[in-house]
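Using the hints provided, position chain D relative to the given structure of chain X.
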Amino acid sequence: MLQYIFKRVLLMIPTLFGVAIIIFLLLRVVPGDVVEARYMAQGSQFLSQDLMDQERKKLGLDQPLWRQFTSWMGGVLRLDFGLSMWTGSPITEEIKLRFALSLQLAIMATAVATLLAIPLGILSAIKQDTWIDYAVRVFSIAGLAMPSFWLGILMILGMLIIFKWLPPMVYTPFWVNPWDNLAQLIWPALAVGYRYSAVATRMMRSAMLEVLREDYIRTARAKGLWLKLILARHALKNALLPVITVIGLEFAFLLGGLVVTEQVFNLNGLGLLFVEAISHRDYTLTQALVLIVASFFIFVNFATDIAYAWLDPRIRFR
Amino acid sequence: MMKRLASLLTVAASAMLVMPAHVHAQKYGGELIFPVPSEPPSYDGHREETFGLIHPLAPFYNTLLRVDPNDRGGTKPYPSIAESWTASADGKTYTFKIRSGVKFHDGSTLTSKDVKASYDKIIFPPEGVGSSRKGQYADVASVEAPDASTVVFRLKRPSGSFIASLLSPYNFIYKADILAKDMHWYEKNIMGTGPFTFVEHVKGSHVVGKKNANYWDKGKPYLDGFRAIFIRSSSAQVAAVRGERAHIQFRGFTPADRDSLKAALGDKITVQESPWDCILMVALNHEKKPFDDKRVRRALSLALDRYQASEALSKIAIVKSVAGVQVPGTPYATPPEELEKIAGYWKDIDKSRAEARRLLKEAGAENLSFTFKNRGTPMPYEPLAVWLIDQWRQIGVTVKQEVIEPAAYYTPLRSGDFQVAMDFQCGYIVEPDLDMYKFLSVDRNHANYGRYTDRVLDEMYDKQSSATSDEERKKYIRAFEKRLLDEEAHYLMTLQWHRIIPHSSKVKGWTVTPSHYLNNTLDVVWLDQ
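As given, the protein sequences belong to chains X and D, one line each in that order.
Residue numbering for the first sequence follows the working numbering, starting at 1 and increasing by one per position.
Residue numbering for the second sequence follows the working numbering, starting at 1001 and increasing by one per position.
Only true hints are included.
Cut-off 25 Å, straight-line C-alpha distance, at most; resulting in silico cross-link-like pairs (DMTMM-like, lysine to aspartate or glutamate):
(1) D:K1188 to D:D1106
(2) X:K57 to D:E1187
(3) D:K1188 to X:E276
(4) X:K164 to D:E1244
(5) D:K1116 to X:D50
(6) X:K164 to D:D1528
(7) D:K1188 to X:D80
(8) D:K1181 to X:E55
Since the hints were made in silico from the structure, they are not lab data.
Quantities reported herein were computed from a predicted structural model and do not represent experimental measurements.
With the rest of the complex left out, here is chain X:
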């Protein structure tokens, strides 16, 4: 098992290096730069070319690409992502607060999704072709059909029109004021978690149906084991494998991919920061965010594989 983990960790290094090269080059292919984004957004007419050249020099944008890349990579190896080209602040400072919010939202949405998906998926499978199964399938298909931001807009409008109430617009960390924190984050967590649960419910149902038709389940039933015991000890563990993959990938996606939902609920998260960094052509911040999200994806995939190996011992011996 340890050797397996070691191999997987080693594989992460070239993956991240590849990501770094690709994002570095892609950003520089896109027209415009941070200086133009900063000074031309208001259509300025009094701006001199000298000022723009000076700013580019200050940011190192006049340097050859290889030098820009090596100086950035040197910093990354020391875990120093540098300064944001847009704000001039350390990138770790820019990301810190947003990361906390995004991580909490990802955890809450995953919790909502898991709490809905696993019981509903199992119920739907064991009650196949009954009204319960149909109801669960309608519920999950509706979740797939509705984008979470749209559901978020409906939630906000509903709260405004019916209760004349709106969730807080400013993020309060959980340890500062749990009530304000939850009052803001529970709604996006429900909106995102519902869509997320829809995918996992359908996956859980089909995996469970497949497992329930396996020989060893028939054998367990023939031995006269309790249904609950069969489900918990024999079926669930095997049926969970594909569901864990879905949950893991969705969790990683939630960290930086909730751009529109963050806008709808005015959440100061990583998704919005990502979009702003790109629209400002803030190369250093975008590169850092891509690396962080890529690392997170890789880590979640790694954790998923470890969970696989734990759930299915055959994997770790291959």
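The following block gives chain D in isolation, referenced to the frame of chain X:
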């Protein structure tokens, strides 16, 4: 002399009669909450260009002069750090008397040295220090501080717009000692003399200010503090006002937002509206054929039914008035009956389009087709582009729209890699020198994306700028406008933006102006609660 004295006394007496009632009506306390659609990149007003800096940070600072906060036209100079000023007879020396008793938030006293240091940074920035508006002060030869309460600006030549240029809300007065140690200090720190002191800025979230108890203007500010919340999505901004999580958004909402807020909240919402000192224009690249031919350019202007557009588009977009080179209703704006004489502004659209078709035929461009580059900002670029394309189609012109992401938008404009493109101008004050500078020959202003050279136009600009009377100035502005929009049709104007501010009826003391950069010091704002 006696008559003037009598009228002055009458004004003073009326002011005394009016003032007490006005003062007593104001209430103290409360926190003003407002969404800001964008966040300042740094805290340095001299360097940045965005209203995203002005809205949350202006309350921490004072400027040398300001625009009268009660002037809806947004053009009247009003004392701030300078309590009075005089101009020399030759118009080349301006002397400002600096108010005494003004304290920085660190307790130190503001003197003329601080004003000089701030303006030196704006006008004569050292190498490596960014100043966005340096170009506006090209006429300034020096800034002097002969004593602690006097600042003198010496100009190279008289300038009709010099005082207006000092009204810029970006020209925060910084502390000279700090600038002497570190010219970049104000990029990351906030410390001014304004009515509010800085409490916190949580990146991506909000800025908080609290009342400056030692503010020099005794009795102000009325608010205990303010909270500027960064909300990018316009629907979330509207929801914040509707859900009473915010009192006001100072930039502006769309007509649909105004109507929905009014319908939902009734009397709890007060709406203030004004023509907006921003306009989208069509830049025709004179270096690309056939746009070097003024008949083609005129035809494209003649195709536009601006009056019908004003009626239709003002219902769905933040545009309204038909305008020339000045915001309608402001001192130098061309009256509507005169504007109607300019090609493209005729009331008879059939006659106008017939002339457009004739001109295209004459120029050999009957089946004209081109690519129109537009900025990927939905409001109001999108509806205006749809309107333009439809209007041009009606004279047989085929247009393909290419939408470009905002951050990359000015790359083709600056390099000249376009045929026809949407261009934009927005000002902090309505002032012909500032508004018309855009249209000078390309060697005088690189932001002239029409890329033309027109010395006649340049001369008219210079003449209006140095005109000694309002009437004379108006005459040159009219001639400039006629040449720019009609005779040469260098640029095509669309419609003036229209600023709509639906705000909580609790917000008092704030007056809408044509600029979303003005009236954000918040010293006169109070909450009726």
